[in-house]
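The task is simple: from the sequences and hints, build the whole structure.
If you're matching them up, the sequences are chains A and B in order.
So for the first sequence, the UniProt record's numbering puts the first residue at 1; every next one is plus one.
So for the second sequence, the UniProt record's numbering puts the first residue at 1; every next one is plus one.
Read the hints as simulated data drawn from the structure, not as lab findings.
We put the beta carbon where it would ideally sit given N, CA and C, even for glycine.
Incorrect hints may have been included.
To give a feel for the contact side, a few chain B residues facing chain A, derived at Cβ under 8 Å [unchecked claim]:
hint : residue
1    : I97
2    : P100
3    : F102
4    : I103
5    : R145
6    : A153
7    : A159
8    : D175
Just a sample of chain B residues kept apart from chain A, beta carbon distances all over 10 Å, derived [as the list claims (entries may be wrong)]:
hint : residue
9    : V5
10   : S47
11   : W99
12   : H105
13   : K127
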Amino acid sequence: AGDGGGAAERGGPPAPQRVLFPPTFSVSEIKNKQRRHFMFLRWKQQQRKEKLAAKKMRRKEREALGDKAPPKAIPKTIENQRVYDETTVDPTDEEVAFDEATDEFAPYFNRQTVPKILITTSDRPRGRTVRFCEQLATVIPNSHVYYRRGLALKRIIPQCIARDFTDLIVINEDRKIPNGLVLSHLPDGPTAHFRMSSVRLRKEIKRKGKEPTEHVPEVILNNFTTRLGHSVGRMFASLFPHDPQFIGRQVATFHNQRDYIFFRFHRYIFKSEKKVGIQELGPRFTLKLRSLQKGTFDSKFGEYEWIHKRREMDTSRRKFHL
Amino acid sequence: SPQVVWSMLGNRQFCSYKMTTKTQNFCRNEYNLTGLCNRSSCPLANSQYATIREEKGRCYLYMKTIERAAFPRRLWERVLLNKNYEKALEQIDENLIYWPRFIRHKCKQRFTKITQYLIRIRKLTLKRQRKLVPLRRKIERRERRREEKALIAAQLDNAIEKELLERLKQDTYGDIYNFPIHAFDKALQQQEAESESDSDAEREEEEEEDVNTREFVEAEDSELSDFEDMDKLETSSEEEQEEEEEVEKKASHSKSKGKTPLKGPARRKRPYIEIEYEEETEPTTKTKAA
Numbered sequence: 001a002g003d004g005g006g007a008a009e010r011g012g013p014p015a016p017q018r019v020l021f022p023p024t025f026s027v028s029e030i031k032n033k034q035r036r037h038f039m040f041l042r043w044k045q046q047q048r049k050e051k052l053a054a055k056k057m058r059r060k061e062r063e064a065l066g067d068k069a070p071p072k073a074i075p076k077t078i079e080n081q082r083v084y085d086e087t088t089v090d091p092t093d094e095e096v097a098f099d100e101a102t103d104e105f106a107p108y109f110n111r112q113t114v115p116k117i118l119i120t121t122s123d124r125p126r127g128r129t130v131r132f133c134e135q136l137a138t139v140i141p142n143s144h145v146y147y148r149r150g151l152a153l154k155r156i157i158p159q160c161i162a163r164d165f166t167d168l169i170v171i172n173e174d175r176k177i178p179n180g181l182v183l184s185h186l187p188d189g190p191t192a193h194f195r196m197s198s199v200r201l202r203k204e205i206k207r208k209g210k211e212p213t214e215h216v217p218e219v220i221l222n223n224f225t226t227r228l229g230h231s232v233g234r235m236f237a238s239l240f241p242h243d244p245q246f247i248g249r250q251v252a253t254f255h256n257q258r259d260y261i262f263f264r265f266h267r268y269i270f271k272s273e274k275k276v277g278i279q280e281l282g283p284r285f286t287l288k289l290r291s292l293q294k295g296t297f298d299s300k301f302g303e304y305e306w307i308h309k310r311r312e313m314d315t316s317r318r319k320f321h322l
Numbered sequence: 001s002p003q004v005v006w007s008m009l010g011n012r013q014f015c016s017y018k019m020t021t022k023t024q025n026f027c028r029n030e031y032n033l034t035g036l037c038n039r040s041s042c043p044l045a046n047s048q049y050a051t052i053r054e055e056k057g058r059c060y061l062y063m064k065t066i067e068r069a070a071f072p073r074r075l076w077e078r079v080l081l082n083k084n085y086e087k088a089l090e091q092i093d094e095n096l097i098y099w100p101r102f103i104r105h106k107c108k109q110r111f112t113k114i115t116q117y118l119i120r121i122r123k124l125t126l127k128r129q130r131k132l133v134p135l136r137r138k139i140e141r142r143e144r145r146r147e148e149k150a151l152i153a154a155q156l157d158n159a160i161e162k163e164l165l166e167r168l169k170q171d172t173y174g175d176i177y178n179f180p181i182h183a184f185d186k187a188l189q190q191q192e193a194e195s196e197s198d199s200d201a202e203r204e205e206e207e208e209e210d211v212n213t214r215e216f217v218e219a220e221d222s223e224l225s226d227f228e229d230m231d232k233l234e235t236s237s238e239e240e241q242e243e244e245e246e247v248e249k250k251a252s253h254s255k256s257k258g259k260t261p262l263k264g265p266a267r268r269k270r271p272y273i274e275i276e277y278e279e280e281t282e283p284t285t286k287t288k289a290a
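Below you can see the structure in the form of structure tokens.
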């Protein structure tokens, strides 16, 4: 061990002379691991110094030029570099507007129907899932939780339609945690299947407020840009009654970022005109869309509008579908 | 002969079908009737033997007799049993008519058990079956990582706050939140921009105020007739200042109370209080106008 240490130390000072002479000397060619590691660290330090020096130079040039300096470069982010999706919705697009006026959510948006939601789980839900269902029921107004008891979904759906439910939510559970969500708009509407992750119940949220009240919350839908995103956004919007009660000061947010939909439930207060304070109540979870089906839930014979195919769709890191 | 076979396989030598556990010996032979390794249930050590086996949902009776011991290919004779339970039992009886009791009994027992589990299989396939989808570890890890990064990039709190402020600006909340400073600055700007058209509005406001403040205002007007414009300006600025005071009071009110938003009618009560403060604030308004 002493020898190895000595070799490393000796490898230090004479090394700079060695670096200059042979034209191609790469750190990865040294066989000795310790020495290689040492040389690599030294190379890294050098890189950092060069970078710092370059930064300083640039800053000096900027100050020297003053007003004539070129504008600051915008750093590249994934959102900046996103591959342009041709199905991005243009706000002024007539075709989209026409489609939305005639699709399955039109009666909701025309205020002809009031949403009534049935929340259920897969067979034999464990404690966490049950509690999550209850909390979800408090967040979404006009919703009811029913136990599954081994019933087939295909038989549940006609019964729901008979009892005037507009939406069905099924929370799938695996190993005592909820991990999937099936959202189905009932009278023959689209069915979306999501994978659910990082579920936090109310007691696990830090600095939470009191329980959500019975007021109808507002809804915020962020970043749903493509056609697919638009239809998913409308699905979420149709869960909540159309007229929010501003007295309740509650807001439910569905925020889409890089194909992950984050759900949060907050209570807000306007401290002044330019400042608002929000406090998180309610459960939180993230969803990732797996498939969107045209009719109601039917895994075998349904017509799928969109399925996430890993091999085809996950090829680029800058490509998102929602 | 079967005794020799058993003395070899049973205890002393090796039998590849035999599985030993702490309490019992099992026989893995597919033709075994009971599944245990016994003298009477070993298919190799008994020259006359029978079993029930099922294939693709149909049950067969397999029989082995001494006469065919020399022909391994034809050793086991197979009889397809009826689908009906009772008729199949009669078939077993009729085929194994002079056979030892043990084999007959065990065959019927085995047949019963097999039919029961076949029934259960058929019932289960009708019910919903849970489809197990294997998780791919690398993909799971990747998804989790991406979710964390997306969460950081989303900056949810900021986005929500921005959206709420937008909605406030676009007046979706209507009259619930009164932040008159803003609406008030707008009104001021309007006044400055269109002072002529607004003078009528000012006069109208003053008349409304005059309804309540008749005593004071009339006296002032009669005294300072030349300074009518000044008075109008002063009173309007007084109104503005009083409204500002109102706002501050309300802001402090809201801070102290926390969450309850103040309602509209509370505001309308204030104008009555304005009357009392008018004279007190006159000197300050003068400095402000200056």
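Outcome of the hint check:
1. I97: Violated, because the Cβ-Cβ distance from I97(B) to chain A comes to roughly 47 Å (cut-off 8 Å).
2. P100: violated, 46 Å
3. F102: violated, 43 Å
4. I103: Violated - the Cβ of I103(B) stays beyond 8 Å from chain A, reaching only about 42 Å at its closest.
5. R145: With Cβ-Cβ at 12 Å, over 8 Å, it is violated.
6. A153: Cβ of A153(B) sits 6 Å from chain A, so the hint holds.
7. A159: holds, 6 Å
8. D175: Violated, about 10 Å.
9. V5: holds, 51 Å
10. S47: Fine: 51 Å to the nearest Cβ keeps S47(B) off the interface.
11. W99: holds, 45 Å
12. H105: holds, 38 Å
13. K127: Given that some Cβ of chain A is not farther than 10 Å from that of K127(B), nearest at about 8 Å, it is violated.
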